[in-house]
Structures are given as C-alpha cells and as structure tokens.
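Listed here are the chains, written in short residue letters.
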Amino acid sequence: MSARQAWALVRDTVREAGARWVFWGFYGLSTALILFFLFLLRIDVIEGARATVTLFGETSPRAVPVERLVRGFQGAVAAFLYVAGMGLAIFASAGLMAAVVEPGRIEWLLSKPLPRTRLLLWRFAGNVLLVCVNVSYLVVGVWLILGSKTGIWDKSFLVAALTTTFMFVVLLSVVTLAVVLTGSAVLATMVAFALMVVSPLLAQHRLMVKLLDSEFWRDVWRFLYYVLPKVFEVGKINMDLLRGRPVESWMPVWSSALFAAVVLTLALVLFARRSY
Amino acid sequence: MSDDAAIETHGLTRIFRRRWRGGEVRAVDGVTLRVERGTSFGLLGPNGAGKTTFVKLLLGIVTPTAGSARLLGVDFRRPEARQAVGYLPENHRLPSYWTAAGLLDFAGALSGMDPGARRRRIPELLELVGLREWADVRLSRYSKGMLQRLGLAQALIHSPALLFLDEPTDGVDPVGRQQIRAILRELEERGVTVFVNSHLLGEVEMFCREVAIMDHGRIVASGKVKDLTAGKGYRLTAARVPEAAFEELRALAVTAAYRDGLAEFQFRTREEVNRAVDLVRAQGGWLESIIPTSSTLEEVFMRTVRAEAGEETR
Ligand SMILES: Nc1ncnc2c1ncn2[C@@H]1O[C@H](COP(=O)(O)OP(=O)(O)OP(=O)(O)O)[C@@H](O)[C@H]1O
Ligand SMILES: [Mg+2]
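Chains as they are written, first to last, in the numbering used here: chain Y, 1 to 276; chain G, 1 to 314.
Pulled out of the complex, with its shape left as it was, chain Y reads as follows:
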C-alpha cells in the first residue's frame, strides 16, 4: 500500500511538472543543446588525432587535438549545466514543492491515510527524478554525439550528471525547508540562489581569515564556510573529475551531504507538526 501511495505521489509530481512551462523550458534547453551538437556542429577528424570544427559554414583555421576539443566541449556543457541548468531546476522545483502546501490542497492531501513525512518525501523524490532524468538526458546525449563524431568515449564526462544531481538534491533540501516554513516558492528560490551566489565567496576562507582583523568575524566566516553547502567547490570537483585531475579533498561533498540531511530532516519534522 505504501508503494502504491509513493508511486501515486511521484506520478502526481511529474503530472504537475508537465503542466508548467518552466519544466518544458528546462527540457527544451537540453534538447536545444543536443540538437546543436547533433546538427550545427561539424567535427572533421584529420591526420588521426587532430580535428577542425565547422559551425555555420565557418571552419576553424587550425586543427587541434581531438581529445582536447572533446574535453573542451564537455567542460562547457558540464559548467553550463552546473550553473544555468541548476538555477533553472531550482526555480522550477520551488514552485512544485510550494504547490503541495498551497491552501486548499494541503488540507485535502493531509486527510489521506498516510504519514505526512511520506507525503513530502515522495514529492521531493519525484522532483529529483525529473531533474535527474533531464540532466542525464543532456549529458548522455552530448556524450553519445561527441563520441560518435570523434570516436572518443571519455566516461569521466558522465560524472557531471551525478555531481549536478547531487548538488541539486542539496539545494532542494533548502528549498523544501523554506517552503515548509513560509509556503513561498519565491522566497525558497531566493534562499537557494543566495547559497549558490555566496558559496564562491565563502570558499575563499583562507584568504578571508587573513584579511579579517577580528577573531570573531573570522570564526563567523569559518563557521558559515563549513556549515553551508559548498556549491562552488563541488563544481570545481566536477571539473577536476572531468579533466582527470586528482581531487584535493572530498570534504565539500560530504559536508554538503551532511548539510542536506540535517536540513531535510528538519523540514520533515517541522512539516509533521504544522497546522494547516
């Protein structure tokens, strides 16, 4: 019975997403990128390991190593996905999470015979599923196209789907907490965006610790750095993995995961106690 309810809640989430233009825009953007690589961009491999690129009838004057070319394109797609794709995903998902607690709907949902935590958790999961499928669609699509055009099948690019989905889950936890507290999709989006914007600044904690002259503010800075999700640094790890560079520290990943776990638990606990 709980599996049936879970499936119904996920299906409801997907159905609602289908009725919203942001999700179509999200998938449309991925499709546009895939079509770009499929039709507009021509890659001619010459002299074995070098290639030229043709776009809108213009051919690049110099041939570059194919491998570098492919890595370059993959890097651009991964970075675009991690920043713009993530922003769009958050924007779209905040609306979807807030819809659950909309007056007139939440009373109805809560009257059904299932625990509140499950209600929220399965909407969360449905949301992650939507984003995960889209991100994988883009990454695998681009990977297949570049691979078939150049013969280079670099699996490390596929990790980009994983890192992006991971950071999305972290930020969606924050969105969920904000929605439970305020019911506002706009506010939830703003909070998540603020975390994205502030993370490259916080990541400079070594430099800031030198610059700040009060021990108190240094502690504040360090505290914020260690507690808040490390969007910027996980993004850097994403690129390191892509380029085959060694990863300096996994701390940004696990501390962000810990943050997400705590925030999501808090959201569920508060949701279970609220009156609507």
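Some hints here could point you the wrong way.
What the hints assert, rightly or not - Simulated restraints, written as ranges between beta carbons of each label pair:
1. Y:R245 x G:N91: 56 to 66 Å
2. G:R119 x Y:E248: 54 to 64 Å
3. Y:S2 x G:W20: 33 to 43 Å
4. G:T99 x Y:A272: 23 to 33 Å
Honestly, the hints are just simulated from the structure, not real lab data.
Small disclaimer: the values here were computed from a predicted structure and weren't measured.
Ideal Cβ positions, reconstructed from N, Cα and C, are used throughout, including at glycine.
Based on the hints, put chain G with the ligands in the right spot on chain Y.
Chain G with the ligands alone, transformed into the frame defined by chain Y:
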C-alpha cells in the same frame, strides 16, 4: 462498547495565538462529542464558530492544544484513523492539472486502492455526480459547482465508512444541491456516517438526524433534529412597521428581524400573534403574511447563539 462510535472526542481544544496583535483565539474549546455510526450529523454555527477547525483537528490537519479523539475507534493521531474516512474540505483547490478521472485515480491510490478497484469505481462515481462526459477534461476548465461535485466524488472513492463534508453545497446551484442531497440520503441508507458542517440551516434540517450547534468553539446545544425543533408557532411578516412598534413586538416575539425590507416575527401562541396583528394594524403597518410553523432549526439556532452572546456581554 465505546468502539462503536464513528466519532468520539474528549475535551478537544485548539487555541490559536495571534502573532501580531497578541492574545489568543479559542477556535475549538473543550469539545466532547460522540457521533454514533450510521448517523447523519450536522454541525451548525455562525461564521468563525470553529466548525472547520473542529473537523481539521479530527483529520490531523490542525494539531490539538489539548484533548483526544477517536475515529471509528482508532486514535486520531494515527494515519490509519483516516483509512475509512472521506473528506470534502471547505474552499478546496484540487490540483487543476488533473482530469476528473485522473484526480479520482490519484485520490484512490492515496487511499490505498488497487488499480483494478479504481478503474471499476471511477466511472461509477462520475456517473453518480453527473460528470461522466467530463471525465477527460482538465479541472482548470470546470465551474465551481462541478468542482464541488468532483470534490464529493473524490471523498467517496474508497467507499468510506465516515464522511466529513465542510459546506458541501457551497457554490452549487439548486439542482446540484438536490442531487447532493440525494447522494447523501443514499449513503445514509448504506450505513455511512455523514458529518456535515454548514451554516445553511435548512439543509442540515432536511438531511441530518442529529445536530449540534457550535458557537465560539463550544457546543452550545445538541440533540436530535426532531427534539430541537419540537414546538409550534406562527411567523408574521409585515411592512412599514414603525420603530416603536417593532420594539414592542420584539418583546412579545420569540425572534424578530428585518428581512428583505420586511419585519419578521416568530410567535409561540395564537393569542400572541393576534395581539401582534392588532398592534401592527393600529400603528399603520401592513400585514404581508401569517404562517403557522413547526419551530425551525433556524429559530433554535438564533435563540441559542443569541443567548450565548447575551451571557457574554453581561
Ligand atoms: N490558522 C489559524 N490561525 C489563527 N486563527 C485561526 C486559524 N484558523 C482559524 N482561526 C480562527 O479560529 C476561529 C474558527 O475558525 P473556523 O474556520 O473553524 O470557523 P468556521 O466555523 O468554520 O467558520 P465559517 O462558517 O466561516 O467557515 C476563527 O475565529 C478563526 O479566525
Ligand atoms: Mg468553516
């Protein structure tokens, strides 16, 4: 056997704190109530009496400040208590991206019905509420009355033993109301317990066997509709009744009010109504009608609520 009750509450209380102005609202104030299985029960009360909050408490939508309750013998804090319960919320906004059939399917799945049972039940229900032709149309294109009928259908999807309806005929036209009433009758015959929140006295009177009147979060009167409305009288309506005469008649009458530009009085005895007629005529008023009545729930309601208000000002 205390498990026999469909609804049983003990001192159920919910206090809302006003965030800005301070102070508190006792929305539901120590309600102890028992509704037997198979009863059609009406909860009446003026706006803000606490009817909606009471139902939300029972369904775990609002958390209680104090008190306990059981639905069909199960502690109301457990999700299983809502297993055999259907609910039509007040001012609901069902997800408008579903079609009628899709929404019923979703509701059925949330109640744990298997797909086969849902497939069989959905056309039946759509037929029942007169939305069969609309099965595949999105709710965003429904009128208010249609949404209300669909809301009733979704509450019935899993054939509940206990049904909560908060202002069920809100926004429904007279024909639709008649249909809803017929549906409720049928449910009652099948032994379903129906709990209706309403401020439409006539409706509660026509449908419910038992009724409680709520005011300021408390049950101020309850009993069988039959008993509460026992007692005969006369209703007099008149036009152009001078103020002085109106006051004089008010003292004589059970209830007095202006309605649609006419003065309306309820009297207990033939002597009283005749005295009133003399008075109206002597003061230059015009008689509109005199109707013998068996005391309506409305009078009981007005009397009880007004008595409560009187007590408070004292
Ligand atoms: N979430 C809330 N926060 C604060 N006060 C509330 C809340 N919900 C209800 N109230 C207050 O509780 C009281 C009872 O409200 P309730 O909606 O239960 O009344 P009602 O009998 O259903 O009225 P109506 O006939 O208008 O639907 C009102 O004074 C209302 O202002
Ligand atoms: Mg109400």
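Handout entry: Hint check, failures only
Key = none
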